[in-house]
Amino acid sequence: MTATTTTTPPNPDPSAAPDLSKPISEPPLLEVRNLTVTYGSGADAVPAVRGVDLRVEAGQKLGIAGESGCGKSTLALALLRLLPASAKLTGEILLDGEDILTMKWGRLRAVRWAGASIVFQGAMHSLNAVHRVGDQIAEPILLHSKATPAAARKRAGELLEQVGLPAARAQAYPHELSGGQRQRVMIAMALACDPRLIVADEPTTALDVMIQAQILRLIEQLVADQGVGLIMISHDLAVLADTCDRLSVMYAGRVVEEGPAREVYAEARHPYGRALSAAFPKIGDPASRRAPRGLPGDPPDPAALPGGCTFHPRCPVALDSCATEDQELREAGGERRAACVLVDAPASDRSRSTS
Amino acid sequence: MTVTTDKPESAPTDSPRALARARRRQAALRFWRQYRTHRAGLVGLAVLAVIALLALTAPLLVGADSQSVTNAPGGPMEAPSGKFPLGTDQFGRSLLALMLWGTRVSLTVGLLAAFLSVAIGTLIGITAGHFKGWYATVIMRVTDWFLVMPTLVLAIALATVLSRSIWTTILAIGVTTWPTTARLVRAQTLSVESRPYIERSRALGGGHGHIMSRHVLPNVMPLVLAQTTLVISTAILTEATLAFLGLSDPTIVSWGGLLQDAREAGAVSSGNWWYLAPPGLAIAVVALAFTLCGRAIESVLNPKLGVSR
Amino acid sequence: MTTAPLATTTPLLSAEALKVTFPGRRGAATARAVDGVDLDIRPGEIVALVGESGCGKTTLARSLLGLVPPTAGRVTFAGAPLDYAGRALKAYRKRVQLVLQDPSGSLNPRHTVYDAVAEGLRIHGHAGDERAAVSEALSRAGLRPPERFFLRYPHELSGGQRQRVVIAGALVLEPELIVADEPVASLDASVRGEILALLLRLRDELGLSALVVTHDLGLAWNIADRVAVMYLGRIVETGPVEQLLTAPQHPYTQALLSVLPEAEGEPVVLTGEPPDPSKVPSGCRFHVRCQVLASGEAERAGVAEACRTVDLPVLNGGAETQVACHWAAACGGEA
Amino acid sequence: VVPGNPLAPAPSEARADDGKTTLTVAVAQSVDSLSPFLAQRLLSTSIHRLMYDYLTNYDAKDNKAIPGLATAWEPSADKLTWTYTIRPDSKWSDGQQATAEDAAWTFNKMMTDEGAATSNGSFVGNFEKVTAPSKDKLVIQLKEPQATMAALDVPIVPRHVWEKVEDFSKFNNDKDFPVVGNGPFILTDYKVDSFVKLKANKDFWRGSPKFDELVFRYYKDQDAAVAALRKGEVSFVAGSPSLTPAQSASLENAPDIKVNDAPGRRFFALAVNPGARTKDGKKFGDGHPALLDQKVRHALFMAVDRKTIIDKVFQGHAVEGEGYIPPRFSDYFWKPSDGQKLAYDPAKASALLDEAGYKKNSAGKRVGKDGKPLDFRILCHATDPNDKAIGKYLQEWWGEQGIGLKVDCLDNVSDPWYAGEYDLAFDGWSVNPDPDFVLSIHTCAALPSKAKESAATDNFICDKQYDELYKKQLAEYDPAKRADLVRQLESRLYDTGYMNVMAYPNAVEAYRTDHIESITTMPAAAGNIYGQDGYWSWWSAVPAAGASSSSSSDSGGSSTGVLIGVGIAVVVLAGGGLLFAMRRRSTAEDRE
Amino acid sequence: MSSESTPALLKGAAGVESTESGGPAPAGPSARSPRSRSTAAYLRYAAGKLAGAAVSLFAVLVTSFFLFRLIPGDPVKQMTGGRQVSTEQIAAMRREFGLDLPLWQQFTQYCGKALTGDFGTSYQFRAPVIDKIAEALPATLLLTGTAFVIYTLLGIWLGARSAWRNGSAGDRTNTAFALTLYSVPSFWLGLLLIITLSVGIGPIPGLFPTGGMESGSTTGFDRVLDIAHHMVLPVITLVAVEYARTLLVMRSSLLDEMGSDYLTTARAKGLRDDLVRRKHAVPNAMLPTVTLLFVNLGTTVAGAILVETVFSWPGLGGLFYQALSVPDLPLVQALFFVFASAVILMNTLADVIYPLLDPRVGR
Ligand SMILES: Nc1ncnc2c1ncn2[C@@H]1O[C@H](COP(=O)(O)OP(=O)(O)OP(=O)(O)O)[C@@H](O)[C@H]1O
Ligand SMILES: Nc1ncnc2c1ncn2[C@@H]1O[C@H](COP(=O)(O)OP(=O)(O)OP(=O)(O)O)[C@@H](O)[C@H]1O
Ligand SMILES: [Mg+2]
Ligand SMILES: [Mg+2]
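Protein chains in written order, with our numbering: chain U, 1 to 355; chain E, 1 to 309; chain S, 1 to 335; chain Y, 1 to 592; chain A, 1 to 363.
None of these hints come from the bench; they were simulated from the model.
Glycine is no exception: its CB is placed at the ideal position from the N, C-alpha and C atoms.
Hints are supplied without guarantee of correctness; some may be wrong.
As the list claims (entries may be wrong) - Here are the simulated EDC-like pairs of lysine to aspartate or glutamate, each with C-alpha atoms no more than 16 Å apart in a straight line: (1) Y/Lys307 - Y/Asp354; (2) Y/Lys369 - Y/Asp345; (3) S/Lys90 - S/Glu176; (4) Y/Lys406 - Y/Asp375; (5) Y/Lys279 - Y/Glu517; (6) S/Lys94 - E/Glu193; (7) Y/Lys143 - Y/Glu101; (8) A/Lys279 - U/Asp135; (9) U/Lys104 - A/Asp273; (10) Y/Lys258 - Y/Asp78; (11) Y/Lys170 - A/Asp273; (12) U/Lys282 - S/Glu242; (13) Y/Lys191 - A/Asp273; (14) Y/Lys360 - Y/Asp370; (15) U/Lys282 - S/Asp216; (16) S/Lys90 - E/Glu78; (17) Y/Lys175 - A/Glu135.
Claimed, not checked - Chain E residues, not near chain S, derived (Cβ > 12 Å throughout): (18) Gln26; (19) Leu45; (20) Pro59; (21) Gln67; (22) Ala72; (23) Thr137; (24) Trp145; (25) Leu190; (26) Tyr197; (27) Val216; (28) Pro218; (29) Trp274.
Bound conformation, chain U alone:
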């Protein structure tokens, strides 16, 4: 992984955008800089994403976790500019160095699916009920390559085989497939144009444990085979930790913690991350036996975020200053960063930067 090749010098400004001192190499597959998304305007404005930086290298798997309404899907849709017209975007989304946000529509359409594809939350609704799944898979192939319809259909069959469905199922309508099969179709569709990046938005939510395991394995395997970048969105930290290389935890439209997946899961720095990982008990762990742990309070309403650190009303370790001071992501040792006042005090061996 490229990110680990350089030892990060202490950054005087923790909020600064990605490291510019990095040796000039090819740009990362995806780089998101200070992305904000606001739905609506004026008094009704909903800041759904509030300054998110992300980075995905080719072949890397990034997990994004967070509770409902924290802006995960918004972020995913923003990556291909698929948000409704009411959404205002700022920042940069660089896909292979090219900014999605400033692209011409024609170019954008060319990038869509061929450059990056999406597996949506809820396959039932993401497939068109009145078209055969084979046609739906073939559609982007026809659109983006000069394939003949017959070739596209053949390719669709191959893709189905690749995700473990018989090619004959191309003739089926979505409602004739089970939830897991539909999700496989969605994945086959995402692979149709050999994209460099796949965004999977809660691909396994609402699926049964066993099927969830099947799908996750399938995704892992395909990503490994084809070396594409993967962004996987889920609210299940445990699943992400199991599947991904890196993890970003979002809270109220911000990334509040990021780092290597295992580390974040095992030992989160941000109190929210900690609460989230504690919510998934480890079977056999006596500590969690008859002791469900959760986070008191309710998720914030993005239309009326609390001041200061948005997490402070629910934070078990909040300081007085948290109610007034917003917290930016700061280095938290290794490749990790977290947006909490307390992160670097005990854990960091580096001198605290004066501010």
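With chain U held as given, fit chains E, S, Y and A with the ligands onto it using these hints.
For chains E, S, Y and A with the ligands alone, coordinates are given in the frame of chain U:
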């Protein structure tokens, strides 16, 4: 999501009933606030208010004897003038005055017929949606049967079968237009019935009556309200149609009746558009106003409909 | 461990050879959603019912509440068989309460919190102070101060709060048992723990029994005393949580545990979709997907033939560890 | 079923099309049947007048019987045998000679086949035997003497064509064109509810009609028909029964249009239910008992301002009603004397009502001795605007008297009418040159034999005095004496107050003077055009100088059609192009 | 859906989802052909619908027979109206029309004959009812058919555009226009059109005929043009009212689809906006619209009564109105049956076509 606009919490001494009433008032206010954002709905409402006012004050505005043929002030079929802003009918009565009187009939028929239709439809829809088994089957068969009957044809047939009066018109409209409402309400009932809170209520021990009155009805009511306004406009149009076909009480002045009179008197060939235009226009305006209100209500209840504001 | 030795007490609610079938639509075979289940819930016990989607968990729960009449077998409550006549059923429903998966759906959007909680009281003609009862139930469910919530509508509450209201609505009738169908499945991870803690606390404070239906084994580990693993309308393995989740004997339970993200060892991903309750295979109903049979291990244990042909007995509803598996029975000790 | 129609091409068809004159008549009635054996409607029977010759015709001047297919007719001494001489110069349009055979066959068919008796069966009810001893002699033997033998309004059809018809009750004579006939016009085409087309019979013995073609075009909506006249789409429009005052007023000012406002043969009356009963005196129905009091009836009529009705409802296109028979039939017209006249006098009406015991109560309502208010129902024809309009007036006039009135408008008044379930009714009849029929309907003999059964009676009047007078006039052969008796009858009818004639509506019709130069009315002086007893109007109509323009207006119509069609196509294409352009723009705009 | 004979107009009822997560086929290759099974299922479904339609037709037959017996007026009296007829003649006529039989016997006879297409003889026209209907049917079909094609295309097209640009000025004008026309009484619109475009008012010349279907003086191609000329105003009237309804339904059903995830998927695939609309959104939104269209066509035929009356169009509507006032029972009954059958037929057609458009239904 938590609403942070919490008003000062109500004093705990109030009884829950009183609070509930206050709450309902608040809900109505909220509804109104949302409704207010629909410009078309507001226009519709304003038009209706004006028309309702005119209908109520018609006796004061134009006097009860404006319908009299023996005291008709003008000559037959006069063109609009200062004295008769809309001209006169074939008896020399002021068309403006007749239009005002007609408002009362058209509104009454529209409202009563719509009420009848919606009441039947709601009752049938809710029960058909709630009860399963033979009752629902039979009832839905009947509804389907009514639904395939061409409404106008059936209404004409009914109006012919029964004697001519305003009540016949109301009955004919009410009895023929309810199936749409019934279907709508039934669909809504079915969707409400599939909600977990019905299961919960049943698990709490709630019976049929409880579920229908406490859960289904309140959830169906908004739809019924919207439907009512839409049915009113249909009813007004149907009333006009029946009157136009000469199937309503000819001694009563209604807009449709005026149109029929105009046609019978020969307004079309004489080019007396001023006799013909206002009643039709009035029908259209009122029907439109009710439709606008209905759509506004619908979209307040279901913002996805995207009714333009 | 705070729980008393449970095996000695008589069950509060029990299913005896319970069967529920649904007639197939348009000529399809009938679905044997619950196909012979014995299950006891003792006073103060929390039983977790786990299994794949469509295995009949919800149907079992609903038939325990008398919401679906069983096609065979019976439900007994406090020793007496359930009476499906209107009045008796109503009385029963005062003592046993249901909490559903989707709190947003379980609340009528047009009822205030107060109405939602008071509904049970009104149905059962509560004689006492309704307001006080509602307040108490709400505070017990962790919505404090209750007055703040009285006149809220469900859409003004967060998911966790809604589920608390549902629980308060169940508590207000002072039931002896709560049947919770996936009570936290639709809630956020961060909120989940709080609700589960609430269930635990209620058991400790009120001695409430609970049947918690879930597909999440972690949840069972979190709160349950006992787990029953269901597969295709039958309970295939049951026993105390610690034992069953740490040392599962049935291949199905093993597979379920192995696919958990943090489980050690290679996950055993069962192929295929969950089977159809209208086509229950003969022999052990799990045998078509059984990894033990597939790997030939059952062959080695000499039970392969039995797996395919010999139906297994219904496990009794008791608290001890039991497993319905030819292979586990054959090499029970070493597993 | 359909007779094979040997189509001998008529010579006129050979003529060139251009310059053909067409007379288009707008009608508001649809054809019920083109079979003369079935047709009953005025339109259909008028058309049959044009298609087939009758034995006799009526003189346009004075309604006297004049020769038709028969040149002469003669009763035997016992008045039971009539002999008709058939003219030798009448030919069927397929070239065959029209003979006495045809006539005999026609009558015999009606006498023997019930299906063929549907429309004109009443004419042959009294026939004993009909024979044709020779081609030009028709002999009819009667059971009893019959005075109407010179007025047999029966179309004579060609036997060789009609013989082939199987079921006369179903055959409508509308499949094979042209239809073989011997009248002034030959039916050439018919489209249901669209038009009936006839061409002039150049060989007609009385002479060819002046117009080459006659088209009756159907308008469901009478006002549309009037509009069509204004536009010149049609040459003539008849009202049904008459143009409305507004229509005639607007047409009078229109250029090139003449409104023919002729005294009508109809009366418009207020009938009172005198207590419905059967011939043998059994009472039925529910007529208001108060109306049995002559004073009440007179009071009601005296409270009706006929002048206002003429002025306001008919707007002058009617004559104020007096006696039973309209003034057009001057022989029989009768006027009440000054003392007898129930002139409009509300005060006197009040007094009469008081006298009859119906005093006004405090609320201003008349109540009877039993304390019940006087509330009447009046039957009205929903399709007749005049009924409805006059109903409104009556409501107000009688309302002033303290009498309530409910106007019961029905599409079909016959049920309550025959059942005697009405108090008052709007009534009206068209009077024939001979008044016998309209007089007969008020005799006791006309009462139904069973309750609620339809009968000849109009409104159940049964008055001994009237009946005696009626018998007398029937037996009286001296025209002057008979007329005197008829007037006495009318006087008696007037006095009883059961039939109150309010008006004699005019027949108001209009035609385009740029299409029709002249046309014969019947009676010739101040008569009407549509629905005459003969075929005079259409046969006599003379095309105006530029009348071929009326035909060219038709071809003009189609060229307008072409223009319009082209116009529409252009609009559609332009619209499509525009939309395509917009579409292009919107894709080019490249928006999400 | 399957248990109902008429398609629900509601989106909710139409969009049938497969509720069970377990699909019909496991992932592995399966032996049986899903297509043949679905064809069989479809045939079964269609047969069910047809059977339902047959039941409905019978119900309508029953109604049409009994309902109109209630109309006051003895047909025989009407037929003989004013003429002197003897009691025997009346009795004979009653016999001829079978009016002397007990009602149930009349009914069984009626049903038996109706099956063979014999609806009796019209009282007023003295012709077999079926002939009268056959004469008037082409005119009605021509009028309503033309109007149907135009308003369907117009309504769907404008509705789709309107919804797609929801809230835009174009949408607002479109909707306002449609709503207004929707509220206008059709007969009034017709009369106004006659006054302005036919009679001509002020500077506007009378361009179109005041009524009727043809002038009767033309043949060949001229006749076609002549009929087209006569059709313009009635068609405009029908279209004006019905296109509005179509537009509104199309608009709202497309709006329902607008937020759908599959459209986002389509966009994400890189489809052009208009392709997303044409290939994905409109076909889905068409489903409820199609149902409505067919149902509407049935009622349009009946609704033509008004337009036919105003424009003197020689079709079924006018015939019905004429028949009612007599009352010409056999004709009224048969016409009522025809109108209701039109609706049933269209409903059934919609039901049968629906699964071909929406694979979720009926298989
Ligand atoms: N079209 C929209 N208009 C206005 N607000 C929106 C819109 N779409 C989403 N939001 C709001 O933006 C916030 C983030 O939504 P988003 O769908 O991204 O959440 P999420 O993290 O994906 O949640 P989940 O886990 O439930 O999928 C939510 O509060 C949501 O209400
Ligand atoms: N009302 C019903 N009619 C017909 N079949 C039903 C009905 N309810 C449930 N079933 C069938 O019974 C089987 C068991 O359903 P059930 O809902 O009990 O499963 P579950 O274990 O609760 O699944 P999940 O985890 O998805 O909630 C399923 O195959 C379902 O299709
Ligand atoms: Mg999401
Ligand atoms: Mg379940």
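_Hints numbered earlier in the text: which of these fail when held up against the supplied structure?_
Violated hints: 1, 2, 5, 6, 7, 10, 11, 13, 16, 18, 26, 27 and 28; rest satisfied.
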